[in-house]
Amino acid sequence: MTSAQDNSGQAGGADKTPAEVQFDRISVAVLTASRDDMRKLGEILSAFEQIGRIAAAEGRADVPDAVSAGDAVGTALMFDDTARKHWDKAMDIFGRLASCCQEVFRGAKMNRPVLSRIFSDIREHLEIEIEGGEAEESASAATGGADKSMALDQDKELYTDFITESMEHLDSIEVKMVDLEAAPDDSETLNAIFRAFHTIKGVSGFLNLRDVNELAHRTETLLDMARRNELPVTGSVIDVIFEAIDGMKGMIRDVSEKVSAGAATREFIGTDRIIARITAVQEGREDTPPPRQAGTPPRLGDVLVDQGKITQAQIEETLNSQPEGGGRETLGMLLIEDKKVSPKDVAQALRIQKNAANAIETQDIRVNIHKLDGLVDMVGELVIAQSLVCNDPDVMSIDSQRFYRNLSQLGRITSELQKISMSLRMVPIKNTFQKMSRMVRDLAKKSGKEVTMLMEGEDTEVDRNMIEEIHDPLVHMIRNSVDHGVEKPDVRLAANKSALGTVTLRAFHHGGNVVIAVEDDGRGLDPAKILAKGQERGVVAPGASLSESEIFALLFEPGFSTAEKITDISGRGVGLDVVKRNVEKLRGTIETRSNLGQGSTFQMKFPLTLAIIDGIVVRVGEQRYIMPTNSIVEALRPPREDYLTVEQRAEMIRVREELLPLVRLHRLFSIQGGIQNPWEGLVVVIESEGQKRAVLIDELLGKQEVVIKTLGGGMSNVRGISGGAIMGDGRVGLIIDVSGIFEITGRQASFN
Amino acid sequence: MAERQGKNETTGTIKSSKFLTFQMGDEIYGLDILKVKEIIGIMDITPVPQSPGYVKGVLNLRGKIIPVVDLRLKFGFDEREYTERTCIIVVELDMAEGKMLVGIIVDAVSEVTNISESDVEPTPEFGAGFSTDYIRGMAKIKGKVVILLDISLVLSGGGLGQFAG
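As you go down the protein sequences, you meet chains A and B in turn.
With our numbering applied, the first sequence has no gaps in its numbers, which climb one by one up to 1587 at the end.
With our numbering applied, the second sequence has no gaps in its numbers, which climb one by one up to 739 at the end.
These are calculated hints, taken from the structure and not from any lab test.
A hint or two may mislead.
Said to hold, decoys possible - List time: in silico BS3-like cross-link candidates among lysine-lysine, alpha-carbon distance up to 27 Å:
#, chain 1, residue 1, chain 2, residue 2
1, B, Lys673, A, Lys1440
2, A, Lys1206, B, Lys609
3, B, Lys592, A, Lys1206
4, A, Lys1281, A, Lys1270
5, A, Lys1538, B, Lys673
6, A, Lys1206, A, Lys1011
7, A, Lys1440, B, Lys638
8, B, Lys638, A, Lys1254
As the list claims (entries may be wrong) - Here chain B is said to cover these stretches of chain A; the calculated rule only asks that three of the stretch's residues, wherever they fall, bring their Cβ under 8 Å from a Cβ of chain B:
#, segment
9, 1241-1248
10, 1503-1512
The beta-carbon is built from N, C-alpha and C at its ideal position, and this holds for glycine as well.
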């Protein structure tokens, strides 16, 4: 609660506009609301809610108190007739709460005395029970004390914020580390990493998380030396920083566990080993043990050594004394038998090991896709039903305060529900890509190659379920590219290529599909070799002639591997058939392209079953269609003289200096009653792959975000239509597939 | 699977089971109740361009978009104004790509009735040019003839695969 102490973590500077918009909404509503105006009250409530959300997103820990007070007052007004007697007073309080918050958003800190005065006003004048106020002040006083233990119960929110924030920082550090390795002299990158560690150090120090703080501090010192050119950024420096990142992540997960479980007393995974390594690197000693493979849980022995329960030598002794061929017992059992550690210690270590292994975001749960689909569908229906009810003329004529109150409450809940359900599904693929960049680095290192990873279209939004399903195939593909595709530096140089190989991850939307491509500039695939292998394995009849794509398809047969040597990264031949199965499960396809000696591309294409697009709703005759906003250039009504024909057949519209072929949507889709003359209707200029068309429609109806749905069995391949969406009135609107329109009209547009 | 083998085994495949009967003009048809998901009244249908005429379009079945076929048009009857009695029977079909829902528009739904094997006669041959592959048999109930349809075959024979036109 005492943000004044926390000057390292949040440097402000966030965009204030969305919050200001909400403050404006409140002021306007407060000023204009007449007594018992439930709609205005609903407006105020939703604005407070938004502010709360923005504050949470920007990490302003001070605001929620004020927001929840506002919410409490608003709710009381809505449902409690006695509270409504003090309407004007309540409006005044809304205004004061809002200006309190507004100051925080403008960079000041929360004025606690003012806020508690507002709180006491609420209690006295409105007789509404609210939480917070005085209690907060005493709590904030306690935080300043020299309390050494982790006082988790003090403020869960601060810790939660810290956890998310520092995890984000660590993730971004990981990505930047890969950059740093590529360009060790880049002071920009170095500074960025330094700053991120510095932030973690600051916040963790403030929160009394000493182990995290210590480790962050040590790493920061190391980086500082590098910054001042006192230490060259060598491979071992980078390794040790990666280790520190892993260590910190482990500790932060621990904190997160404690926070969610209340206060627990478990020890952190020891930092001593990592710190010792950092010191060693700082002093220029590089005789460090090989780093642990990223993503694998620590070995039991390591955990025990970290905890100081046993020494490395003792473990080795035990392992060596193991009878020949008796390798069935686990290390833990052996150690207990040798009486080197107590069973309790082993159990504890095992738990730590297990936690590290499944330490992916503990708050997440996996939900059956069908359930999620059902939920999203139903929420969509709910929203439509709600708007049907609200706009029903009979309903509009009801004259009842109570009714409008409840209706506005219903509206808030449904829109909130819709937002949540939408956000449940769509996520940018960025995160997945970033994880891959770390993996590429590790893989390259392991196989003695130099590989850099490029990302394109990482902001492409993909269905969350899709992302989960894409992850494993993508890992396989990338492993494949790094391990088999990209050659060793000497081979590359001999082939006149730069020693540094490139793996490119690309994501984009294409004609209602999500396409994810893994491209490498390695040795490429040799069709002859694959065919020979196929014949050898009996998959292909001897002498059969196959097309190149058929040959490449063999790669995805179970147990098919072209690698001459099996490595522990990939090449056991159990990869690509699994990839294919996973992709097909998503009703996707894989396309392989390759140029021998120049590289290969694996392109996975998935149908966009449930993506949201921003669309413009247009009317043609009595039909409505949705055009994806991103392919629309402009909409205009051309003057009579800008309509031109060639040989009275091919039609064109002149838009400024450009001549665009005219597409009559009513003719293309055989719609009755559409406007015939372009100068009486509207033309929408659409663009795809650098080409433009002017599409004739009757009118624009508005802008809308819609959920793309497939048209159901057998209808998913209609040309010019990429899918459907449920419109506000419950009917189905068809989504126009712009590239499909270009395909259909391709011939006639070339003017023969 | 047995259904797919068509009329030769028709009488053999129809064990005593429940059928939903509906009217099309003066004729009565029946389809296996197990295929029927639900029956809804006529509702707004969005026409889909570039699809065959008997495909009336798509509709919103509680958030799911499903295609709708007008059985009159599919059977080559005259088109008729939809009335209060017009119904959409939503059937679930097992297709190669998985289960899918299709709505079929019929004049009126009559009843659910038990039809036992002994009520069913094989479809007579009507000569060349009249395919009866999708008719499982003719049942005689209370003096009326019910034409039993294999709805999957009705919709797939020259049907759903070509929806896209």
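For each hint, the structure was consulted:
no., hint, verdict
1, B:Lys673 - A:Lys1440, "holds, 22 Å"
2, A:Lys1206 - B:Lys609, "holds, 23 Å"
3, B:Lys592 - A:Lys1206, "violated, 31 Å"
4, A:Lys1281 - A:Lys1270, "holds, 17 Å"
5, A:Lys1538 - B:Lys673, "violated, 34 Å"
6, A:Lys1206 - A:Lys1011, "violated, 38 Å"
7, A:Lys1440 - B:Lys638, "holds, 23 Å"
8, B:Lys638 - A:Lys1254, "holds, 19 Å"
9, 1241-1248, "violated (count 0)"
10, 1503-1512, "holds (count 4)"
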